[in-house]
Amino acid sequence: MAEEEEIKIEQKFPSWSDLLKPITEKEFYPGYYHYPARKEDWEYSPLPQPWHEFNPTEKDWHLPEGWKETFLSKFEELLHKQRDLFTFMDICVRCGACADKCHYYIGTGDPKNMPVARAELLRSIYRRYFTLPGKLFGKWAGARDLDEGVIKDLYYYFHQCSQCRRCSLFCPYGIDNAQIVWLGRELLTHLGIGHRFSLISIASCLKSGNHLGLAPMGMAGSLQSATEDIYSVTGLEMDVPVNKPGADILFVAPSGDYFAEPHWFTMMGYIIFFNYLEEKYGLSYTWSTYAGEGGNFGTFYSYKCAQDMNAKIYKEAKRLGVKWIIGGECGHMWRDKHQQMATMNEIPDNLEEPVSPITGTRFDYATSTKMIHTAEFQADLIKNNKLKIDKSRNDHLKVTLHDSCNPARAVGLLEEPRYVIRNCCNNFYEMPDHAIREKTYCCGAGAGMLADEIMPIRMRGGMPRAMALKYVHELYGVNYLTTLCAIDRAGFNALFPYWKLQPPVAHGGLSELLGNAMVLPGEKERDTDLRGNPLKGKE
Amino acid sequence: MIGYFYIGLFYAAIIIFVVGTLNRVYNWARSPVPYNMCTTGGQQKSLDWIPRARFDSPYTKLETLGRMIGEVFLFRTLWRNTKYYVETQRQTATKWLWIFAMAFHWPLLIILLRHLKFFTSPVPGFIVALQSLDGILTVGHPELHMISILATDLIILVGLGGLLGRRLVGNKERSLSQPGDWLVLILIIATVISGILMRYLLPVDIEGVKLFAIGIVTFSFVQPPIDFWFLTHLTLVSALLIYFPFSKLVHAVGILFSPTRNMPNDPRKKKYINPWNPPYTGKSYDEYYEYYKDQLDEIAEEDYRVKGDFDLV
Chain A
22 MAEEEEIKIE QKFPSWSDLL KPITEKEFYP GYYHYPARKE DWEYSPLPQP
72 WHEFNPTEKD WHLPEGWKET FLSKFEELLH KQRDLFTFMD ICVRCGACAD
122 KCHYYIGTGD PKNMPVARAE LLRSIYRRYF TLPGKLFGKW AGARDLDEGV
172 IKDLYYYFHQ CSQCRRCSLF CPYGIDNAQI VWLGRELLTH LGIGHRFSLI
222 SIASCLKSGN HLGLAPMGMA GSLQSATEDI YSVTGLEMDV PVNKPGADIL
272 FVAPSGDYFA EPHWFTMMGY IIFFNYLEEK YGLSYTWSTY AGEGGNFGTF
322 YSYKCAQDMN AKIYKEAKRL GVKWIIGGEC GHMWRDKHQQ MATMNEIPDN
372 LEEPVSPITG TRFDYATSTK MIHTAEFQAD LIKNNKLKID KSRNDHLKVT
422 LHDSCNPARA VGLLEEPRYV IRNCCNNFYE MPDHAIREKT YCCGAGAGML
472 ADEIMPIRMR GGMPRAMALK YVHELYGVNY LTTLCAIDRA GFNALFPYWK
522 LQPPVAHGGL SELLGNAMVL PGEKERDTDL RGNPLKGKE
Chain B
28 MIGYFYIGLF YAAIIIFVVG TLNRVYNWAR SPVPYNMCTT GGQQKSLDWI
78 PRARFDSPYT KLETLGRMIG EVFLFRTLWR NTKYYVETQR QTATKWLWIF
128 AMAFHWPLLI ILLRHLKFFT SPVPGFIVAL QSLDGILTVG HPELHMISIL
178 ATDLIILVGL GGLLGRRLVG NKERSLSQPG DWLVLILIIA TVISGILMRY
228 LLPVDIEGVK LFAIGIVTFS FVQPPIDFWF LTHLTLVSAL LIYFPFSKLV
278 HAVGILFSPT RNMPNDPRKK KYINPWNPPY TGKSYDEYYE YYKDQLDEIA
328 EEDYRVKGDF DLV
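Heads up: the protein sequence lines correspond to chains A and B, in order. Basically the working numbering = 1-based index in the first sequence + 21. Basically the working numbering = 1-based index in the second sequence + 27.
Excised from the complex, chain A in its bound form:
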């Protein structure tokens, strides 16, 4: 992206029969396709073996012998294991309501990126082999034969979906591309075909407990550095409990927060927040290195992968003997923790219904999973006046909130972060109505789309979000975008500069804003925020 080049969104509208034709190797040009998985990662994962070696840009992918039978038998098996897939294959009426809801379609204009067309890639196979009209009338019934081109189609387009569920929200039947794409990717894994970026993270997480592959001392060292940074801002010497048996609460953050920037400032925010509660109210909590990852790249790939990765949280909760769990700011993590973790795993007996030891609030909506979100915990504390907050410390910021896809459309976490922001910032502005809350746009980097080799797709997919931000930036001078997702925080690092929004707009987490505003006993007078930027009036 060194050169200045005007981006053109070329919308194409092929005929229905052209839309059925698979892509060819010619369309695998740099920036638009993912690198295939590496052997060592594949073999470490619970995905079906063996791994398949192929070059996406070549005409022949050398698919393993008997691949058609494998694909079709696994497809049939999935239909009978997942009602969502079965109904979604049957009930689409192709009304097109989902079409311009997909940020990748908006940004690329590629017709097969319309959610309905993406689903049709698989649906056409379903019709051909599992329905009567498809068997009888073939193409005229919207069916097509399974050939190598179809596999290329699936590999190419199922990795141009960030599983954000925006199509599902707008579909009159709730047809969810996140599910179809997840299961479609799972089907490809039976041929040994996968996606490098996700598999690297999955393998690291299975080895070390987190996607970044941090060893225990790496995580501890990271927490240590964060306390040093906090010391420079506040003059307070904090310490952080890690792997502590017998603590009441286990805190799990996405691993990105341990290292990346601007995640780092969210990390400082978490530490300030929990340290204050520990000192002031005697809150007993701990971080963990074994359960050091809230995120779950397995949820982009297969049920088995997801299960092997989210199981660690309950295993650690059991080993440490904690009472309940708090989860940090992460997007797909919260779909996983809200909808899947407790189904995929045994819930340990030692866990209890989450009750805030400080306010006495019973989090009665989490009696089964025993896990709540930091934003929920923080909102409850603020509501009960348990935190001392100086809102003016965020006066140098004009803040907007980017709802992350999964907390918005799989959890419904909308008001809690807004309540926290309004109580720690004086300047809060919403982006346009159709770009926030449940209708929020993806950052363009979810579900493995954070891979650097597909930067043009990421930049195009993030365009609707960037434009909504640009709108409030020009209208209100917004200079800080809050997001409760580690992938967003990483994705926006590339997106906002690309769309000429950064500088001036910074982005970061909710806990960072809270960490800025919390008044701590014995701290020195703060001249800067957690980033070291001068506060208003202290320039």
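Hints listed in this document are in silico derivations from the structure and should not be mistaken for laboratory results. Keep in mind the model is a prediction, meaning the values are calculated, not measured. For each residue, glycine too, the CB sits at the ideal point set by N, CA and C. One or more hints might be untrue.
Simulated crosslink set (EDC-like; lysine to aspartate or glutamate; CA at most 16 Å straight-line) [to be verified]:
hint	chain 1	residue 1	chain 2	residue 2
1	B	Lys334	A	Glu258
2	B	Lys334	A	Asp250
3	B	Lys334	A	Asp260
4	A	Lys265	B	Asp324
5	B	Lys298	A	Glu374
6	A	Lys265	B	Glu328
7	A	Lys545	A	Glu258
8	A	Lys228	B	Glu317
9	B	Lys296	A	Glu367
10	B	Lys334	A	Glu451
11	A	Lys491	A	Glu546
12	B	Lys298	A	Asp385
13	A	Lys491	B	Glu114
14	B	Lys334	A	Glu299
15	B	Lys298	A	Glu373
16	A	Lys491	A	Glu451
17	B	Lys334	A	Glu249
18	B	Lys298	A	Glu451
19	B	Lys297	A	Asp385
Examples of chain A residues toward chain B, derived with CB under 10 Å [claimed, not checked]:
hint	residue
20	Pro154
21	Tyr194
22	Ser229
23	Trp308
24	Gly433
25	Ala487
Covered stretches of chain A, as calculated for chain B (at least 3 residues, CB under 8 Å) [as the list claims (entries may be wrong)]:
hint	stretch
26	51 to 63
27	109 to 115
28	122 to 132
29	160 to 167
30	232 to 238
31	329 to 340
Given chain A's structure and the hints, the job is docking chain B onto it.
Chain B in isolation, oriented as in the chain A frame:
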């Protein structure tokens, strides 16, 4: 003789419709939903003082039922529809699809109910009432022939015209429309037009039709009147019934099985059981400990607390 052919066709169509649809439903129903996958469209139930979106993020069974009723009868999701303008990078609300969908489906329901007057004797009061409510204008000569124009007959044409028009005019919609989509629209439009012709312009032997319909219900095999438009209408309806279970028309039943809509947003409250949940095969803590023993022991030696080197800062 030709009459018996139509009796056979109609029965065959009904049987294929019923058996085919039940088969579809059976297949969906026996396939399990592995985890709660509700798509939330509003604020969840969390802290007591945060008002939740009862129908967009239902927490109880009753609220979920409310959401489904809203979807099935009011198409609430389509009401939410937006349009994105690539040129200006803005999106606005759009109601056209909702309007056409409502203008088609509601009259369709009322027209189907109205048709019960042919299959019942005596005709139940609510059907008579429905028809009289439907009448908007009575035309004709009072002493010769009076006919009431029914609102639904007009509205359904608007709805169908709109649904057909957007597939013709809209670029995206035209690309997406497969032969099956056109076929269904054309079949339905032809059915509606043949019905309207019989009612208003080319009156059919209505007593003959009624005897035929009652005959179908009572299995007494009364031949239908040999009338071109009526037999066309009957053929088209039979075709739609036969096509129903094999086509996208099953959305009418399938929506009830859509897991993203028919599940409450309560997975943190109630444990959802997946019947095929596989056993855990990942690393245990003991293996992890073996791998990182020195480092984990070092953390333990510090009494499980990590703090910075503040002297150096």
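Check whether the Cα positions of Lys228 (chain A) and Glu317 (chain B) lie no farther apart than 16 Å. Judged against 16 Å, a Cα distance of about 12 Å means the pair holds.
Worksheet item: Are Lys298 (chain B) and Glu373 (chain A) close enough, with their CA atoms no more than 16 Å apart?
Response: holds (14 Å)
Subject >> Interface hint outcome for Gly433 (chain A) [beta carbon to chain B under 10 Å] >> reply: holds (3 Å)
Take the C-alpha atoms of Lys334 (chain B) and Asp250 (chain A), compute the straight-line distance between them, and say whether it is at most 16 Å.
holds (11 Å)
### Message
So if I understand the rule, the pair passes when the alpha-carbon distance is 16 Å or less; does Lys296 (chain B) with Glu367 (chain A) pass?
### Response
holds (15 Å)
(message) Next pair to validate is Lys334 (chain B) with Asp260 (chain A); report whether the Cα-Cα distance is within 16 Å.
(response) It holds: about 4 Å lies between the C-alpha atoms, which stays within 16 Å.
- Item | Given coverage of the stretch 51 to 63 of chain A by chain B, tested with a Cβ cutoff of 8 Å and a minimum of 3 residues | violated (count 0)
Quiz item: Going straight from one Cα to the other, do Lys334 (chain B) and Glu451 (chain A) come out at no more than 16 Å?
Solution: violated (38 Å)
Next item on the list: Starting from Lys334 (chain B), check that the Cα of Glu299 (chain A) is at most 16 Å away, please.
Entry: It holds: about 15 Å lies between the C-alpha atoms, which stays within 16 Å.
Taking a Cβ-to-Cβ distance below 8 Å as contact, does the stretch 122 to 132 of chain A have at least three residues touching chain B?
holds (count 4)
Q: Sort out whether Asp385 (chain A) lies within 16 Å of Lys297 (chain B), counting only the CA atoms.
A: holds (11 Å)
Starting from Lys491 (chain A), check that the Cα of Glu546 (chain A) is at most 16 Å away, please.
Violated. Lys491 (chain A) to Glu546 (chain A) sits at ~34 Å, over the 16 Å cutoff.
In terms of the numbered hints stated before, the structure departs from hints 10, 11, 18 and 26, listed from lowest to highest.
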